[in-house]
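No gaps in the numbering here: position 107 of the sequence shown is 107 in the UniProt record's numbering, and each next residue is one more.
Bear in mind the hints are in silico, worked out from the structure with no lab data behind them.
Since this is a predicted model, take the numbers as computed values, not measurements.
Some hints could be false.
Said to hold, decoys possible - The calculated label-pair distances, taken between Cβ atoms and stated as ranges, are:
1. L54 <-> G93: 29 to 37 Å
2. H163 <-> A194: 39 to 47 Å
3. V205 <-> H163: 45 to 53 Å
4. E118 <-> P160: 16 to 24 Å
5. E118 <-> N92: 36 to 44 Å
6. V205 <-> E129: 42 to 50 Å
7. T174 <-> P149: 25 to 33 Å
8. A179 <-> L101: 41 to 49 Å
9. R183 <-> P146: 37 to 45 Å
To be verified - In silico lysine to any residue, SDA-like type, Cα no more than 25 Å apart, as pairs:
10. K156 <-> A81
11. K151 <-> F77
12. K151 <-> I85
13. K156 <-> N113
14. K151 <-> Q51
15. K156 <-> I41
16. K151 <-> A133
17. K151 <-> R56
18. K156 <-> N140
19. K151 <-> Y164
20. K156 <-> E118
21. K156 <-> I120
22. K156 <-> A52
23. K151 <-> N111
24. K151 <-> D117
25. K151 <-> Q132
26. K156 <-> L44
27. K156 <-> F107
Here a beta-carbon is modelled for each residue, glycine too, at the ideal position from N, C-alpha and C.
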Amino acid sequence: MSGATFPGGPAAERPVPGVLDAAPGPGDDSVRAADGRATAITALTPIKLGQAPLLRLLLVIGARIKMLREALTKLSFIHYARWTIISGFPYNGAPQRKERLRYDYLFFETNFNGTWDEYIDAFSEVIPERMQAIWGRCVNFPGPRPVGPFKEYIHKNDLPIAHYYAAYPDATTTTVISALAVRDGLADLRARAAQVTDPEEFRRVYEAFLTDVQRDL
Numbered sequence: 001m002s003g004a005t006f007p008g009g010p011a012a013e014r015p016v017p018g019v020l021d022a023a024p025g026p027g028d029d030s031v032r033a034a035d036g037r038a039t040a041i042t043a044l045t046p047i048k049l050g051q052a053p054l055l056r057l058l059l060v061i062g063a064r065i066k067m068l069r070e071a072l073t074k075l076s077f078i079h080y081a082r083w084t085i086i087s088g089f090p091y092n093g094a095p096q097r098k099e100r101l102r103y104d105y106l107f108f109e110t111n112f113n114g115t116w117d118e119y120i121d122a123f124s125e126v127i128p129e130r131m132q133a134i135w136g137r138c139v140n141f142p143g144p145r146p147v148g149p150f151k152e153y154i155h156k157n158d159l160p161i162a163h164y165y166a167a168y169p170d171a172t173t174t175t176v177i178s179a180l181a182v183r184d185g186l187a188d189l190r191a192r193a194a195q196v197t198d199p200e201e202f203r204r205v206y207e208a209f210l211t212d213v214q215r216d217l
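Put together the whole structure using the sequences plus the hints.
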């Protein structure tokens with residue numbers, strides 16, 4: 001198994017039987033995990049035969065190159081996103097019954113604010129090249145644009161989530177980041193105020209603090 005917090009022939013293009021084909025289609029919200037403003041998606045997609053090594057390299061590059069990381073950072077409603085390549089599953093039974101995977105799988109986990117559709121829309125609009133580079137190595141991927149088939153693809157491979165917990169369900173990533181900025185500003189204000197004895201000097205220090213955090217209040 002390998003992952004990042006960023007050649008198949010005709011046979012590789014055939015639909016994969018089993019649980020992936022049985023996944024719920026668009027509009028079935030019973031398996032969508034949400035807690036307050038936070039929502040989760042977990043998807044498992046088969047990788048085209050022979051494409052796993054290249055995809056693994058692309059994920060490593062995407063995690064290490066600052067410009068590529070910044071593209072995801074622009075999607076400020078994302079709490080977390082991770083792509084992992086799975087080449088096998090743990091097995092504790094009889095060796096002769098061990099399941100052999102025909103495909104490696106791309107396991108995608110993410111938490112975000114907003115609706116499922118808004119999330120996929122943003123991926124399609126803001127970073128379509130990266131979506132193509134990643135999921136383009138997977139079986140039957142239709143491309144990130146137009147967004148309709150892309151959504152159907154993710155819906156088809158979306159896995160039910162049994163339990164989902166959010167530490168701050170009523171907060172978005174933006175409000176959490178702002179709260180942390182105000183907290184750090186207050187700590188600095190306390191440290192500076194402890195050295196001030198003149199009321200006018202304290203006023204200047206306090207106004208400087210307000211100026212620094214005004215966008216986060």
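Practice item. May I ask you to test the hint 42 to 50 Å on the CB atoms belonging to V205 and E129? Key: holds (47 Å)
Exercise for review: With a cut-off of 25 Å on the C-alpha distance, tell me whether K156 and F107 pass.
Suggested key: OK: K156 and F107 at ~14 Å, within 25 Å.
Check your understanding: CA of K151 to CA of Q132, is that 25 Å or under?
Key -> OK: K151 and Q132 at ~14 Å, within 25 Å.
**Study point:** Pair hint K156 and E118, alpha-carbon separation not exceeding 25 Å
**Key:** Measuring from Cα to Cα gives roughly 17 Å; hence the hint holds.
Practice item. Please work out if K156 and N113 have their alpha carbons no farther apart than 25 Å. Key: holds (21 Å)
Exercise for review: Could you tell me whether the CB distance from H163 to A194 stays inside 39 to 47 Å?
Suggested key: holds (46 Å)
**Study point:** Given pair status - A133, K151, alpha carbons within 25 Å
**Key:** Judged against 25 Å, a Cα distance of about 17 Å means the pair holds.
Check your understanding: Between K156 and A81, is the straight-line Cα distance small enough, at 25 Å or below?
Key -> holds (19 Å)
Point to revise | Outcome of range test on Cβ distance (T174, P149; 25 to 33 Å) | key: holds (30 Å)
Point to revise | Given pair status - I41, K156, alpha carbons within 25 Å | key: holds (12 Å)
Check your understanding: Does the alpha-carbon distance linking K156 and I120 stay inside the 25 Å limit?
Key -> With Cα atoms ~14 Å apart, K156 and I120 stay inside 25 Å; holds.
Check your understanding: Straight-line Cα separation of K151 and I85 no greater than 25 Å?
Key -> OK: K151 and I85 at ~21 Å, within 25 Å.
Hint compliance for this structure: no hint is broken.
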